[in-house]
Amino acid sequence: MQRVSSQMTSKRMIRWLGCIALFIPCMNAWSTNWLLLGQTSEHQVWLDTDSVERLANGDMAYLSMDIAKTGYLPAGASEVLAIADTRYEMDCYQARWMERSTEYFSDEGKEVGKAPEAKAAWAKIEDGTDPAFVYKKIC
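Counting from 1, position 50 in the sequence shown corresponds to residue 49 in numbering that gives the first Met the number 0; the numbering is continuous, with no gaps.
It cannot be assumed that every hint is accurate.
Straight-line C-alpha distance at most 25 Å; calculated SDA-like pairs for lysine to any residue [claimed, not checked]:
{"id": "1", "residue 1": "Lys135", "residue 2": "Pro115"}
{"id": "2", "residue 1": "Lys113", "residue 2": "Gly75"}
{"id": "3", "residue 1": "Lys135", "residue 2": "Thr39"}
{"id": "4", "residue 1": "Lys118", "residue 2": "Asp106"}
{"id": "5", "residue 1": "Lys135", "residue 2": "Glu52"}
{"id": "6", "residue 1": "Lys113", "residue 2": "Leu36"}
{"id": "7", "residue 1": "Lys136", "residue 2": "Tyr71"}
{"id": "8", "residue 1": "Lys123", "residue 2": "Ala60"}
{"id": "9", "residue 1": "Lys136", "residue 2": "Glu52"}
{"id": "10", "residue 1": "Lys123", "residue 2": "Glu98"}
{"id": "11", "residue 1": "Lys136", "residue 2": "Tyr92"}
{"id": "12", "residue 1": "Lys135", "residue 2": "His42"}
{"id": "13", "residue 1": "Lys68", "residue 2": "Thr39"}
{"id": "14", "residue 1": "Lys135", "residue 2": "Asp106"}
{"id": "15", "residue 1": "Lys68", "residue 2": "Ala81"}
{"id": "16", "residue 1": "Lys123", "residue 2": "Met59"}
{"id": "17", "residue 1": "Lys109", "residue 2": "Asp58"}
{"id": "18", "residue 1": "Lys135", "residue 2": "Asp90"}
{"id": "19", "residue 1": "Lys135", "residue 2": "Cys91"}
{"id": "20", "residue 1": "Lys68", "residue 2": "Asp106"}
{"id": "21", "residue 1": "Lys135", "residue 2": "Ala60"}
{"id": "22", "residue 1": "Lys123", "residue 2": "Val79"}
{"id": "23", "residue 1": "Lys113", "residue 2": "Ala60"}
{"id": "24", "residue 1": "Lys68", "residue 2": "Lys118"}
{"id": "25", "residue 1": "Lys136", "residue 2": "Asp106"}
{"id": "26", "residue 1": "Lys123", "residue 2": "Lys68"}
Hint data in this document are derived by calculation from the structure and do not stem from the laboratory.
Computed from a predicted structure; not experimentally measured.
Build out the structure end to end from the sequences listed, making use of the hints.
Put into structure tokens, the structure is as follows:
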């Protein structure tokens, strides 16, 4: 009788592990790792560490999220927003970075616009800035 019970437990354990194995890919798709870059009384800036990638030209690309404490209405937004997701490119060899694109979101997560396309320009990485912190982490 004891042997049958342990066999039943083994079968249940195998089924349970199979369910977990099916669920793990879904968990990874939903998870994002965020690293706080800096904050002031007005906003917080976060780095999406899952977004960091090496581009074909050798530069690094990444996404950061700026969360405002109070809503604001920048150019290109259709309504008041609290979150701006910005894609950046970083040249690790020449210690410089540039903004690629910015999307705006309401505090409910609704997309409310994009920043007007600006002429892409490289900027030197200055000590004590958010790009300097990212540079130390990804370069």
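### Query
Looking at the structure, which of the earlier hints fail to hold?
Per hint list: 1, 4, 7, 14, 17, 22, 24, 25, 26 violated.
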